[in-house]
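Q: These are the residues of each chain, in order.
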Amino acid sequence: MSEAYTAQELMVTAAAREIRDGELVFVGMRLPILAYGVARSSHAPSARALFELGLMRDVPATAFLATMGDPPNVAGALWATRMSNVMALLAQGIVDLGFIGGAEVDRFGNLNTSYIGGAARPATKLPGSGGGADIAILSRRWVTLMSHERRRLVDRVSYVTSPGHGDGPGWRARMGLSGGGPTAIVTTMAVLRFPEEGGEAYLASVHPGHTVDEVLAETGWALAVAPDVGVTPEPSPQELAEIRRLDPQGFWTARR
Amino acid sequence: MSMAEAVERFVPDGTQVAMGTCLEPAIPFAAGHEIIRQGRRGLTLIGPISDSLFDQLIGAGCAERVCAAWVGNVSEGLGHCYRRAAERGEPHPIEIRDHSNFSISLALWAAAWGAPYMPTRTLLGSDILTTNPDLELVDGSVRIRPVQPDVAVFHVQRSDPAGRAHAWGPLGITEEAGLAARRVIISCEQLVQPEVILSDPNRILLPETKVVAVVHEPGGAHPSPLQGFWRRDHAAYRDYAARSRTAEGFSDWLEEWVLGVPDRATYMARASRAELAVRRHLLSVPVDYGDE
Chain A
1 MSEAYTAQEL MVTAAAREIR DGELVFVGMR LPILAYGVAR SSHAPSARAL FELGLMRDVP
61 ATAFLATMGD PPNVAGALWA TRMSNVMALL AQGIVDLGFI GGAEVDRFGN LNTSYIGGAA
121 RPATKLPGSG GGADIAILSR RWVTLMSHER RRLVDRVSYV TSPGHGDGPG WRARMGLSGG
181 GPTAIVTTMA VLRFPEEGGE AYLASVHPGH TVDEVLAETG WALAVAPDVG VTPEPSPQEL
241 AEIRRLDPQG FWTARR
Chain B
1 MSMAEAVERF VPDGTQVAMG TCLEPAIPFA AGHEIIRQGR RGLTLIGPIS DSLFDQLIGA
61 GCAERVCAAW VGNVSEGLGH CYRRAAERGE PHPIEIRDHS NFSISLALWA AAWGAPYMPT
121 RTLLGSDILT TNPDLELVDG SVRIRPVQPD VAVFHVQRSD PAGRAHAWGP LGITEEAGLA
181 ARRVIISCEQ LVQPEVILSD PNRILLPETK VVAVVHEPGG AHPSPLQGFW RRDHAAYRDY
241 AARSRTAEGF SDWLEEWVLG VPDRATYMAR ASRAELAVRR HLLSVPVDYG DE
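Protein sequence lines correspond, in order, to chains A and B. Per the working numbering, the first sequence runs over residues 1 to 256. Per the working numbering, the second sequence runs over residues 1 to 292.
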């Protein structure tokens with residue numbers, strides 16, 4: 001990997017490019033907070049952000065955020081309210097894009113953030129859904145970010161906290177899920193995408209410094225590779241400057 | 001009323017208690033720590049996410065059930081006490097009723113409104129439906145049974161002695177938790193005269209008839225932030241995450257910050273640092289309630 005930026009910084013800019021101008025974005029926490037700031041400062045100057053604890057913003061907070069509830073995220077907000085009002089927008093289907101952090105994801109984009117090894121006697125108890133399941137079911141589309149490890153990108157998750165495309169194309173419609181489901185998985189090595197009609201993730205681009213073979217070796221299923229698989233664009237100097245303005249100590253971007 | 005008296009009177013063993021309802025801000029840590037000091041057992045913890053407070057109560061053995069969307073440490077990750085309880089039954093097993101943030105809100109609204117259930121499309125296709133008995137799939141939509149806390153505890157910016165509380169910033173699920181709860185304990189940063197509160201009735205959080213105790217507890221939300229007063233103490237969360245990784249480390253932490261501390265004033269004398277106090281104050285413009 002280049003010395004010029006960290007894997008997390010590349011993930012931030014890859015996530016930022018998923019945000020289109022004018023969109024209403026359910027931002028969440030950690031890297032997506034930075035991705036929203038990068039998108040606003042570059043190609044999506046009129047995007048708006050929602051935070052599930054009860055906030056809407058346009059410009060990013062002027063100081064570092066370790067959580068969405070840090071006071072700088074409230075100062076200058078467009079709306080400070082209750083969670084159910086923000087969830088109302090999600091339930092109406094007018095949130096364009098959501099971000100969800102994942103612990104374990106499968107080939108259909110289903111996320112497990114609850115139990116590894118079964119709910120009855122879990123080997124690992126993960127924190128749970130938070131707003132993840134709500135975003136996964138109700139937002140028009142969503143993107144997840146995670147570390148690219150074979151134990152995290154699995155054939156099928158053992159517990160579906162936040163449903164992706166279920167067992168394949170058509171599953172969401174059959175189950176009555178209103179949103180469109182996952183469109184991308186941004187990892188520390190690559191960007192995986194899903195077909196328009198849903199279904200199974202494929203390798204869309206590999207980050208600089210990594211190879212297709214390396215990605216396949218760290219993926220727990222036979223990952224399809226796009227015929228035009230490319231290299232994920234590197235962060236621009238302007239994007240890196242924005243990330244470092246929002247996260248000056250590298251709290252989220254591992255420059256500490 | 002002191003926090004010790006409020007907990008003694010209104011949070012007995014077996015209570016279903018809602019806390020941390022604003023999500024990351026305004027978490028009533030002082031109340032939680034007093035619950036631990038008084039050795040409560042058999043509590044049901046109700047909340048959306050819990051930024052470390054539920055983890056502490058579970059580690060201290062106070063809880064038998066968790067009814068929440070997420071339990072961990074928001075800036076640091078996993079809840080280590082929660083893991084030990086769920087994976088190994090230490091210090092004792094807990095029952096987990098998983099929710100999403102939206103579904104726990106709806107469960108509280110159902111109780112607040114006296115509704116038999118709340119219908120929703122969230123959780124369709126999620127395994128949470130199969131592992132939480134309070135959720136039922138009927139004719140293609142989800143029915144969420146009411147969740148009624150015995151008591152809800154909130155830390156707010158200011159209250160008067162009668163329990164008319166002003167809270168601002170994002171409220172999370174505070175209103176539905178307060179309306180659903182049989183009783184509410186208000187912990188406040190500032191105890192003010194009724195005239196201050198009644199000058200702005202739109203900002204009053206809940207009907208005073210719900211409130212059974214008002215505790216003047218400055219710093220009662222530390223290490224969580226409180227708009228206008230306190231920044232989040234990220235270092236305290238990091239320290240807790242590191243030390244709670246083992247049961248022994250958690251015991252040491254608990255002794256230092258909870259069991260060995262008589263009250264919140266003593267705690268804040270140790271925990272408070274100058275940089276945690278909000279320095280950039282941003283006052284809203286008063287509104288006019290003029291009437292004739």
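Simulated from the structure, these hints should not be mistaken for laboratory data. It is possible that part of the hints are untrue.
[As the list claims (entries may be wrong)] Every beta carbon over 10 Å from chain A, so not counted as near; a handful from chain B, in silico:
1) Pro48
2) Leu78
3) Tyr117
4) Pro170
5) Gly249
[To be verified] Reference listing, derived: stretches of chain A covered by chain B, where coverage requires no fewer than 3 residues with Cβ under 8 Å from a Cβ of chain B:
6) 34-45
7) 211-218
Beta carbons are placed, not taken as given, at the ideal position from N, Cα and C, and that holds for glycine.
Q: A separate judgement is required for each hint: does it hold in the structure or not?
A: Going through the hints against the structure:
| no. | hint | verdict |
| --- | --- | --- |
| 1 | Pro48 | 7 Å, violated |
| 2 | Leu78 | 6 Å, violated |
| 3 | Tyr117 | 16 Å, holds |
| 4 | Pro170 | 3 Å, violated |
| 5 | Gly249 | 18 Å, holds |
| 6 | 34-45 | violated (count 0) |
| 7 | 211-218 | violated (count 0) |
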